[in-house]
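Number of protein chains: 4
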Amino acid sequence: MKYSFRNDYSVAAHPSVIEKLVSFAAEQNIGYGYDEHSNQARRLLLDKMQCNGDIYFLAGGTQTNMVVISHALKPYQAVIACDSGHINVHETGAVEGSGHKIITVAGKDGKILVSDIEAVMAKHTDIHKVEPKLVYISQTTEIGTVYSKAELKSLACTCKKYGLYLFLDGARLASALACSDATLADIAKYTDVFYIGGTKNGALFGEAVVITNPELKKGFDYHIKNKGALLAKGFVCALGFEALFTNNLYEEIGQKENECALFLKEELLKLGFKLAYNSPSNQQFIIMDQALAKSLEDDYGFEVFEELNEKELIIRLVTAFDTKISDCQNFIRTIMQKI
Amino acid sequence: MKYSFRNDYSVAAHPSVIEKLVSFAAEQNIGYGYDEHSNQARRLLLDKMQCNGDIYFLAGGTQTNMVVISHALKPYQAVIACDSGHINVHETGAVEGSGHKIITVAGKDGKILVSDIEAVMAKHTDIHKVEPKLVYISQTTEIGTVYSKAELKSLACTCKKYGLYLFLDGARLASALACSDATLADIAKYTDVFYIGGTKNGALFGEAVVITNPELKKGFDYHIKNKGALLAKGFVCALGFEALFTNNLYEEIGQKENECALFLKEELLKLGFKLAYNSPSNQQFIIMDQALAKSLEDDYGFEVFEELNEKELIIRLVTAFDTKISDCQNFIRTIMQKI
Amino acid sequence: MKYSFRNDYSVAAHPSVIEKLVSFAAEQNIGYGYDEHSNQARRLLLDKMQCNGDIYFLAGGTQTNMVVISHALKPYQAVIACDSGHINVHETGAVEGSGHKIITVAGKDGKILVSDIEAVMAKHTDIHKVEPKLVYISQTTEIGTVYSKAELKSLACTCKKYGLYLFLDGARLASALACSDATLADIAKYTDVFYIGGTKNGALFGEAVVITNPELKKGFDYHIKNKGALLAKGFVCALGFEALFTNNLYEEIGQKENECALFLKEELLKLGFKLAYNSPSNQQFIIMDQALAKSLEDDYGFEVFEELNEKELIIRLVTAFDTKISDCQNFIRTIMQKI
Amino acid sequence: MKYSFRNDYSVAAHPSVIEKLVSFAAEQNIGYGYDEHSNQARRLLLDKMQCNGDIYFLAGGTQTNMVVISHALKPYQAVIACDSGHINVHETGAVEGSGHKIITVAGKDGKILVSDIEAVMAKHTDIHKVEPKLVYISQTTEIGTVYSKAELKSLACTCKKYGLYLFLDGARLASALACSDATLADIAKYTDVFYIGGTKNGALFGEAVVITNPELKKGFDYHIKNKGALLAKGFVCALGFEALFTNNLYEEIGQKENECALFLKEELLKLGFKLAYNSPSNQQFIIMDQALAKSLEDDYGFEVFEELNEKELIIRLVTAFDTKISDCQNFIRTIMQKI
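Chains as they are written, first to last, in my numbering: chain A, 61 to 399; chain X, 61 to 399; chain G, 61 to 399; chain U, 61 to 399.
These are computed hints drawn from the structure, not numbers from a lab.
Take these hints with a grain of salt, some might be off.
For identical chains, the list gives no copy identity; a pair is met inside one copy or between any two copies.
[Stated by the list, open to error] Here are the simulated lysine-lysine pairs, BS3-like style, with alpha carbons at most 25 Å apart:
id: 1; residue 1: Lys354; residue 2: Lys183
id: 2; residue 1: Lys108; residue 2: Lys209
id: 3; residue 1: Lys249; residue 2: Lys168
id: 4; residue 1: Lys277; residue 2: Lys221
id: 5; residue 1: Lys334; residue 2: Lys168
id: 6; residue 1: Lys371; residue 2: Lys183
id: 7; residue 1: Lys183; residue 2: Lys278
id: 8; residue 1: Lys278; residue 2: Lys221
id: 9; residue 1: Lys134; residue 2: Lys220
id: 10; residue 1: Lys249; residue 2: Lys277
id: 11; residue 1: Lys249; residue 2: Lys278
id: 12; residue 1: Lys249; residue 2: Lys221
id: 13; residue 1: Lys168; residue 2: Lys183
Using the sequences and the accompanying hints, generate a full structural model.
Laid out in C-alpha cells, this is it:
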C-alpha cells in the first residue's frame, strides 16, 4: 500500500510527541494525573482557552463521551444528538450502556439546529418520557462540517433557556479550529464541557476533557475511576498535549490536514467527481463508482462510508498530521490513470 | 527526591518498549487491534502460554477487571473476591458500577481458600441472593503473596465443580512469575480468563486479556467497545507487549524487581524491622515508626499502607523495572543513618 | 365527569377478580409466586396456549419490558422497535436505563416490517455498532393496529434467520385477540417470549410473562428479583389471571372492549369525523376540532394524543372492561349536541 | 398445616383494606398516583408525621430500596449498611445492579453504630475508593431489633456531619413503632428519606416512600418510572394506606403482632428454649433442636434462619396482622407435647 487515507489515527504520534516522550522516558512521575506534565499541559490549555476549566486526560473518544454524559445525567435524563452522531451510531451502545437514552434529531448538514432542540423539548414534558438534559454536538461533525461561532452561540443560548448542558466532542478539533471561526476560547465559553481530541490529532492517544460548568466539576475525578477510565500513567497521555500545545503545533496540524484535504477535494471536483457532503475539514466524502473504488484499494486505503446504489458508493478520505501533499498528488494521479 | 518506591508505574516505559515505539513511529497501522503489531504480540504470548486463547489489549487494570467481569456475568450474578481484593477496595465501585455484587471472603495471606468458595456456595442457594459465578484472584495479591501452582489447581477444580469462572488479575504478573512455581502456561490452563499486566511491568500502558474459556470468547470485542475500552491505536499498546515478550524481557523484569525487593526485605530485617506481610515479590510491607517514616519522605517516595497505631505504620516499598540495587542500598544507608 | 375514555386502567379490577380476591382474602399462601394460585394460573394459561412456557407474574408493563429485555441481551446488544413503540417513547428510558440501545425503525401502521429488520441487520455488521438481538413488537400496537397470524409468522422467520429473539408486548392483548386471527397459541408459537397484559384487561395489576425459548428461561427468576420486580405476594397478582382465564373471561373482555370501540368509531365516522389511524381494537384515534374537544372535557375523559395543527388534534378514546355501550351512546349524543 | 409463622406477607390483606378496595372497585380513577386515593393517603400520612414530605407508593421492598438508593447516589457513591442488611443479603444484588457498592459494617445487634460510620469515613478519602453517601438502616432490623429515638438522633447527627443521607427501610415499621420510642414523626425528622411498609403490615402490597430532604425530591417521579416501578393503578396501592392509616389501624396491627410474638417468646423461654437474638418485635429467633424443628413442620410453617451446628438451628417465627393468640397457644402446646 502506498498510503492510507482510512483515518487520522493510523500513525503512533507526531514526531514532537515522540520526542517529548523519549526525553522524559526515564523520569519518575506521580500517578493518576497528579504529575507535573499533566499540570503543565493543563496550564498550556487554559492559557489558550482563557477560561477556568477543570481538565482531565482520558484514553479515547467513546470512553470520553460515555464518561462525560453519564456524569452529567441522572438515570432518567437523556442526551439530544444528531441521528448521525458518533455516540448514536459508532459507539456500540456505550452511552445507553451507561444508562441513558439518546434522543435523535435529523439536524442539517450533520449539525443540530436550534429548532431541533425546541421540538424535542416541546415533546418531553411529563414523567413518562425521559427528561432531555444534555445536547451533544461534535466539531467537526461526522460528515466533516463545522459549527460557526454564531451557531455555537445560538445553541448555547437555547441550551441555557431549557436548562440543558451543551457538550462538544472535539475528536477532530484541530481540523475544525482551522476552518471554523469558532476558536478554542469560544468553545470553552459556549459549552459546559467539551473535549480536545488527541488521538486523531497527533497524540499517542488520549483526549483532554475541559469542564467549565461548575455543576459538572464536582466528583468528575471519582467518576472517571468508577468507569475504569483513570490512567495510572496519566503523564504518558499528558505529555502528548504538552507537545501539541507548545508552539501552536495543534493548530498547525489542523491547518496542514485541511490543506491536504482541500487539495484532494478540489482535484477530485476538477476530475468531475461529486461530493456527498461539502466538508471544509480533514474528512472528504466522495461519490465514486464501485469499480473504480475497488481498483484503488491495493494502493490506497480509505473507508467505504456508504453504498449508494449498485453502481456507486461514498468513500471517505481522511488526512492526518502525517499526510503530505505528495501523498495526495499520487492518489490523484493514480485516479487519473484509471478514469 | 532521590528515588521513589511508591509504585511500579512511575516511569513511562522500559527502554526496549520506547525503542520499539520509536522505530515504528511513522508507520501506518490499521486501528482497533487488527494491526500486525497486535497480531505479533498475540503470537508471542500464545507461544509462551501454549494455549488457544483470544487476546485483547486494554488500557488499564481497573478497566480490564470491570470489562472482563461485566462480560462474564449476567445482572444477577456476582464475583467472589478477597476483602482486600483490588476490585473491592481500590476501584471506586467500578465492578458494582457495571452492575455486579462482589461477595467478599476473608481469605488467608491475601489469597482465597477453597473453603472460602465452598462457604459462599453453601449460603447462596436461592433467588433472593445473588448467584456467585466468578472467582477473582490476583497474582501477586494486594499484599505481595502468590498462589502456587497447586493452589491454582485446587481453586480451578473447585470452580469447575460449582460452575464458577476463575479470573486472575495479573497486574503484577512479571513479579509473580519470578517467585511462584505457577508458570504462564499453568495460569492459562487453570483460569478461564486472566490478564498479563503491562502498566506495572514496563509497558507504556496496557494489559493483555487472555480468554481461554470458549464461553467467554463470544462478543468480548463488542463488549470492550461498549464499555468505552477499545483503543483506536491498539498498536501503540501492543508494541509494548511485543517488546516485553521478546527475549524473555518480561520474566527478566520480574526477576530484577524481586531481586531488589528481597534485598530491601533482608536488609530491613537485619536492621530489626518487622514485616507486616511476608511477601516474596516486588511489594514489601514494613512496619515502621511514624517519625522515621516521616523523616524519609524528603528523600524517598513510598506509600503509607496503613496506620497501625499512634506510633507505627506500615509502609509499602515497590520495586519496578527501573529500580537498581544501588537505589535500594542508598535507601538502606539513609535508614541506617537515622536509626 | 360522566365517563372517562382516558385509558383501560382506571378501574381497580373486573368484578370476577375482586370476587376471587375476597374469597381467598384470609388464606395463607407461600410467597414469591411459589403458591397454588400462581400455579393454577400457570396451568390455565398453558392449557390455553398449548405450549411449554415458563410463566412469571410482574407488576406492570414498563417493568416487564425492561426486565425481559435486560434479561435477554448482553450489554452490547440492542432491541429493534418501532419509533412509536412504547419502550421507545413512553417508558422514561427504562430499557436504556438497564443498559440497552433501542434501534428504531419507521414501520408501517405502527407495525414493524420484515424489511425494517433486514435493513437494520444490513447496517449492523461490525463491533463499532451495537449487535441487534431482539425485536420488540406490541399487540395491539400504540395506534391500535394488530399483527395478523401471517405477519407474526413472517417476523418470526426473519428473526430466526438472523438469530434475533421476538418479544411481544401484550399490554392490550385481550383486545388484540378479539380482532386478529393470531391466537394465544400462535403468539406462543411465533415468539420467544411475550406477555399477557393484566393491568389493562381487568386485573388488579400485573402482567404474565411467558417464556417459550429455553435459552431465555434460565435465571429469569433471579433476574426478576435483581431488578426489584419480584412480588412478595405473588398470589395477589396471580389470582387475577386465575379469574381472567376461567370461563374465557379474558377473551370476553377483549370482545366487549372492541364492540364498544367499534361502536364509537362507526358513529363518529357517520358524524363525519376522520380517523387518525384505522384501528380495529379498543383504542380509537379521532381527529377533532380543538374547541369541540375542549368542550367535551368536563363530561368525558380522554387523552389528547397529538396536536395536529392550531385547529385540530387527535384524541384517543379507550374502552375498557367496564365500558358499556350506553357510555358510548351518551358520548356520541353529547357530541351530536355540540356539532 | 395449622398455621404458618413463616412470614408476615402470607395473607392477601387486612379485612379493612379489602373492604376499602371492594367499596371503590367500580370507581374510575386517574392513573400513576395522581388520583384522589393517593392524595388522601398522602394527607393521612403527613398528618401523622407532622412533616413536609413527598410521598410515593411503590410495589415492594427490594424495589423501593433500589429506587431510592439509585436516585440518591451518583455512580461513584456508595451505601453504608450492616452486613446483615436486607439490601446486602436478600435482594439478589439489586442495589449493585443499579450501579452502587454497598460498604458493609458489622454493627451490633443488627444495628449500625456511629463508630461504624466514622470508621468507614476515615477509610474512604481518595478517588480510588467509592465515596460513601448514604446510610441504610432498617426498622425493625433483620433480627427484629429496633433503633431508639436517641440512637436515630445520633445517627442523624453523624450523617449530617459527614454529608451522608440517612435512609430507613420500614418494611416492618408497624411492629417497630409498637416497641420503639421512636415515633413516625421522629423518623420523618431524623431521616432524609424512609419508607413505611405496607406489604408486611396488612396492605395488599406496596410501600410508601417519604422524602423529607428537598435535595432528594427533585426528579424522583421520573426516576420511579425509569426503574419500571411506576404503578399504572397507583390507587389500588394507595387504598391500602388509606385504610391502614385510618383509626390507627397501622399502629394496632403492630401492637397485635408484637403481642403475639412476645407471647411466643415468653412461653418458649419458659420451656427452656434459648433466643438467638433478643427481639422485641414481630420476628422471634429461637434456637431449636433440628429433630424437633423437623417434627413441627407438618403442622406449622416457619423459616430456618440458620443452621448452627449438626444438632441445632435457629428458626424464625413471624407474627402477622392475622395471627391470633390462639394460633400461638396451639403452637406452644404442640411443642410441649413433643419435648
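Against the structure, the hints come out as follows:
1. In this homomeric assembly, Lys354 and Lys183 come within 25 Å of each other (Cα to Cα) only across copies, at 20 Å, whereas the closest approach inside a single copy is 46 Å.
2. With identical chains, the CA atoms of Lys108 and Lys209 are at most 25 Å apart within one copy only, with a shortest distance of 17 Å there and 56 Å across copies.
3. Taking the shortest alpha-carbon separations for Lys249 and Lys168, only the intra-copy value of 24 Å comes in at or below 25 Å, while the best inter-copy value is 44 Å.
4. In the homo-oligomer, the alpha carbons of Lys277 and Lys221 lie at most 25 Å apart both inside one protomer (21 Å) and across protomers (23 Å), since each shortest distance falls under that limit.
5. Taking the shortest Cα distances, Lys334 and Lys168 sit within 25 Å of each other inside one copy (19 Å), while across copies they are farther apart (34 Å).
6. Within a single copy, Lys371 and Lys183 get their C-alpha atoms only as close as 41 Å, which misses the 25 Å cut-off; across copies the closest is 18 Å, which meets it.
7. Proximity of Lys183 and Lys278 under a CA criterion of 25 Å is satisfied inter-copy only: 20 Å between copies versus 31 Å inside one chain copy.
8. In this assembly of identical chains, the alpha carbons of Lys278 and Lys221 lie at most 25 Å apart whether taken from the same copy (23 Å) or from different copies (19 Å).
9. With identical chains, the CA atoms of Lys134 and Lys220 are at most 25 Å apart both within one copy (18 Å) and between copies (23 Å).
10. Proximity of Lys249 to Lys277 under the C-alpha cut-off of 25 Å is restricted to the intra-copy arrangement: shortest distance 15 Å within a copy versus 32 Å between copies.
11. In the homo-oligomer, the alpha carbons of Lys249 and Lys278 lie at most 25 Å apart inside one protomer (19 Å), although the nearest pairing across protomers, at 28 Å, exceeds that limit.
12. Proximity of Lys249 and Lys221 under a CA criterion of 25 Å is satisfied intra-copy only: 16 Å inside one chain copy versus 36 Å between copies.
13. In this homomeric assembly, Lys168 and Lys183 come within 25 Å of each other (Cα to Cα) both inside a single copy, at 20 Å, and across copies, at 22 Å.
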